[in-house]
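**Q** These protein sequence lines are chains A and B, in that order. Here the working numbering is used: the first residue of the first sequence is 1, the next is one more, and so on. Here the working numbering is used: the first residue of the second sequence is 1, the next is one more, and so on.
A few of these clues could be false.
Claimed, not checked - On the chain B side, residues computed to face chain A include the following (Cβ under 7 Å):
1) Phe18
2) Leu19
3) Pro40
4) Glu42
5) Ser72
6) Leu101
7) Leu105
No wet-lab data here; the hints were simulated from the structure. Just so you know, even glycine gets a beta-carbon here, dropped at the ideal spot from N, CA and C.
What follows is the residue order along each chain.
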Amino acid sequence: DGGITQSPKYLFRKEGQNVTLSCEQNLNHDAMYWYRQDPGQGLRLIYYSQIVNDFQKGDIAEGYSVSREKKESFPLTVTSAQKNPTAFYLCASSIGPSRSNEQFFGPGTRLTVL
Amino acid sequence: GDSVTQMEGPVTLSEEAFLTINCTYTATGYPSLFWYVQYPGEGLQLLLKATKADDKGSNKGFEATYRKETTSFHLEKGSVQVSDSAVYFCALSNAGNNRKLIWGLGTSLAVNP
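One chain only, chain A, in its complex shape:
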């Protein structure tokens, strides 16, 4: 089955530690995205990538970093510089710049920083 995998579903880290969230897709999509969701709030775009080896900052990139070395993978690192990292993180992908740009989502990773 084609889809997007995020692992782990729950992640706990101590304050001051960097942590990397995994996102893999087998949909052969060119574009991938990372969002952050906080309780009662909408989705906020962290980073996105429209092609391998290229990515752009979204609306709240500070304290985060990404890489896009392979088409199917787009890991997100939450660094110690992120002031409030506890949140639900969602990865998405889309076929690329198209008329509709429909995005497909993974199941999410809930990060808790203790």
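Use these hints to put chain B onto chain A, whose structure you have.
**A** For chain B alone, kept in the frame of chain A given last:
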């Protein structure tokens, strides 16, 4: 810039009631419009979409019509079920935004038996 405004929740309905969740947008040109649904603890799923004016998207009994004259894309369902309890997000995609999705804040729906 482009924006999406959804009615605030939570919305609480009894089973078999009629549902409307309002969504209006501000955008230049001709955006595509989407409704996504998020069940508790899960990622988002595309519910329906419309890519041009007067298009009607429909899925699982939900419908929404792209109204350019009123810049709206309201979500409707004739008879809700308990299993429809979720958060619903309206979004738009526009060439001017490099095809990124612009999101509403979401509307929480609770359906009671």
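**Q** Each hint: holds or not?
**A** Consistency of the hints with the structure:
{"no.": "1", "hint": "Phe18", "in the structure": "violated, 25 Å"}
{"no.": "2", "hint": "Leu19", "in the structure": "violated, 20 Å"}
{"no.": "3", "hint": "Pro40", "in the structure": "violated, 11 Å"}
{"no.": "4", "hint": "Glu42", "in the structure": "holds, 6 Å"}
{"no.": "5", "hint": "Ser72", "in the structure": "violated, 18 Å"}
{"no.": "6", "hint": "Leu101", "in the structure": "holds, 6 Å"}
{"no.": "7", "hint": "Leu105", "in the structure": "holds, 4 Å"}
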